[in-house]
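Undergrad: Once you know that position 239 of the sequence shown is 225 in the numbering used here, the rest is easy, because the numbers rise by one and skip nothing.
Because the hints were derived from the structure by calculation, they are not lab data.
These figures come from a predicted structure and were not determined experimentally.
C-beta atoms are modelled at their ideal positions from N, C-alpha and C, and glycine is treated no differently.
It cannot be assumed that every hint is accurate.
[Stated by the list, open to error] FRET-style restraints, in silico, Cβ to Cβ:
| id | residue 1 | residue 2 | range |
| --- | --- | --- | --- |
| 1 | E208 | A335 | 45 to 53 Å |
| 2 | A(-12) | P63 | 43 to 51 Å |
| 3 | V336 | G48 | 47 to 55 Å |
| 4 | T200 | G245 | 25 to 33 Å |
| 5 | T167 | D360 | 40 to 48 Å |
| 6 | G220 | G295 | 47 to 55 Å |
| 7 | D340 | E214 | 53 to 61 Å |
| 8 | D17 | G48 | 37 to 45 Å |
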Amino acid sequence: TAPQIHDDVIYIGTTRSESHIAGGYVLAIDDQTGEVLWHFNTVPQDENDQGWDIAGPTWVGGERNGGGIWETPSIDPELGMVYFAVGNPFGDSTKRDGMNLFTDSLIALTLDTGQLAWYYQQVHHDVWDYDSGNQPVLFDMEVDGEPVKALAQASKNSWLYILNRETGEPVHPIIETPVSTQTDIEGEEPWPTQPIPHKKNGERMEPVSPVFPTDIPAQHMEQNELVEQFTPIGPNQVFAPGFGGGSNYGPLAYGKDTGYLYVNAIDQPFNSGRDPKGYFSAYDPTTGELIWRQIFEGYGQAGPVVTAGGLVFVGAGSNTAGYFYAFDAETGEELWKYNTGSGVFASPAVFSIDGEEFVTVASGGGSRGRRGGDLILTFALPDWD
-13 TAPQIHDDVI YIGTTRSESH IAGGYVLAID DQTGEVLWHF NTVPQDENDQ
37 GWDIAGPTWV GGERNGGGIW ETPSIDPELG MVYFAVGNPF GDSTKRDGMN
87 LFTDSLIALT LDTGQLAWYY QQVHHDVWDY DSGNQPVLFD MEVDGEPVKA
137 LAQASKNSWL YILNRETGEP VHPIIETPVS TQTDIEGEEP WPTQPIPHKK
187 NGERMEPVSP VFPTDIPAQH MEQNELVEQF TPIGPNQVFA PGFGGGSNYG
237 PLAYGKDTGY LYVNAIDQPF NSGRDPKGYF SAYDPTTGEL IWRQIFEGYG
287 QAGPVVTAGG LVFVGAGSNT AGYFYAFDAE TGEELWKYNT GSGVFASPAV
337 FSIDGEEFVT VASGGGSRGR RGGDLILTFA LPDWD
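With these hints in hand, go ahead and build the complete structure from the sequences.
TA: This is how it looks when you write it as structure tokens:
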């Protein structure tokens, strides 16, 4: 996890383990002395941990593991808050009955003392590895003429969450929706509902990538079964999103000029028998409406960046087409692409020198059987007008 620094204090999350060491830690550290000023355990272990009264009863059976912090926090100095996205629970799910707080949650802590201001859990009793795996993004907007200090984050579960960052309350309805509880696992107690974001008009939001499997090869279905999202884990299932997400690692971006949120996501159902697709989408956070979408080959894991010139850049992670794209931020029209030679899995950076604007992106990696590359590429931005 990369840290944030504010007023000589380092704010960082840790992932102690996904199995045998309990909980994940949030730390505030004096950047001059290294002194730990405060800490917060994302999975409170006993009454000595803050939040035990809330989270303690949500773990029944002995397991209290997981809750790692995988990505950088976000800070609002005016509100005096730091915001973290928390990872999934771990261990034997039959020994952790309950919602398992504060895993799979967005949490807001005070900068000075680390007191829990609010939390919002995105997945209850997670058995699908649907942790909150990317950085929350902060922005201000107006809804029905009223100012809203907002926070947005897209999860590995393929849903986009838009909250009031002062209170943690949803800006638009998020409805606890009944899901399947049928399981053959002895002792498993699936949670009967999951929070599904809806638009301002009350209709269900469009997920950032499919939540039901699509384009599964016919021969792959001979011994497998398509199941709805949040169906308890069982043999020979094909479900979406898979363990990789959804939206994973790369944070979304907010376009100040358009007022849109730009989200990259992966479409690769679990046990799908096919290659991944990238879903790159623009949403209007004031309504929750999907404005436009581009679908491309490869992992949609890289975060985007928006320029003042009306462009949004994003990369695709693929062995055969590691393209770096420029889209019109307003319309979604593809304006340019460049094959970097290997996958793009990181967010680009935009900067200017002597009035000329540049965009830089990392390409490559080579892990998990992917093509290597390990290049840093920099492009000068033309005047699209």
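Undergrad: All hints, please: hold or fail.
TA: Cross-check of the supplied hints:
Under the hint 45 to 53 Å, the C-beta atoms of E208 and A335, about 47 Å apart, fit the expected range. With their beta carbons about 18 Å apart, A(-12) and P63 fall outside the hinted range of 43 to 51 Å. Evaluation of the 47 to 55 Å hint for V336 and G48 yields a pass: the beta carbon distance comes to about 49 Å. One distance hint, 25 to 33 Å for the beta-carbon pair T200 and G245, holds here, with the actual separation near 30 Å.
For T167 paired with D360, a C-beta distance near 46 Å keeps the hint of 40 to 48 Å intact. Between G220 and G295 the CB atoms are about 50 Å apart, so this pair conforms to the stated range of 47 to 55 Å. Here the CB-CB span from D340 to E214 is close to 55 Å, well matched to the stated 53 to 61 Å. The hint said 37 to 45 Å for the Cβ distance between D17 and G48, and at roughly 38 Å that hint holds.
When each numbered hint is compared with the structure, a violation occurs for hint 2 only.
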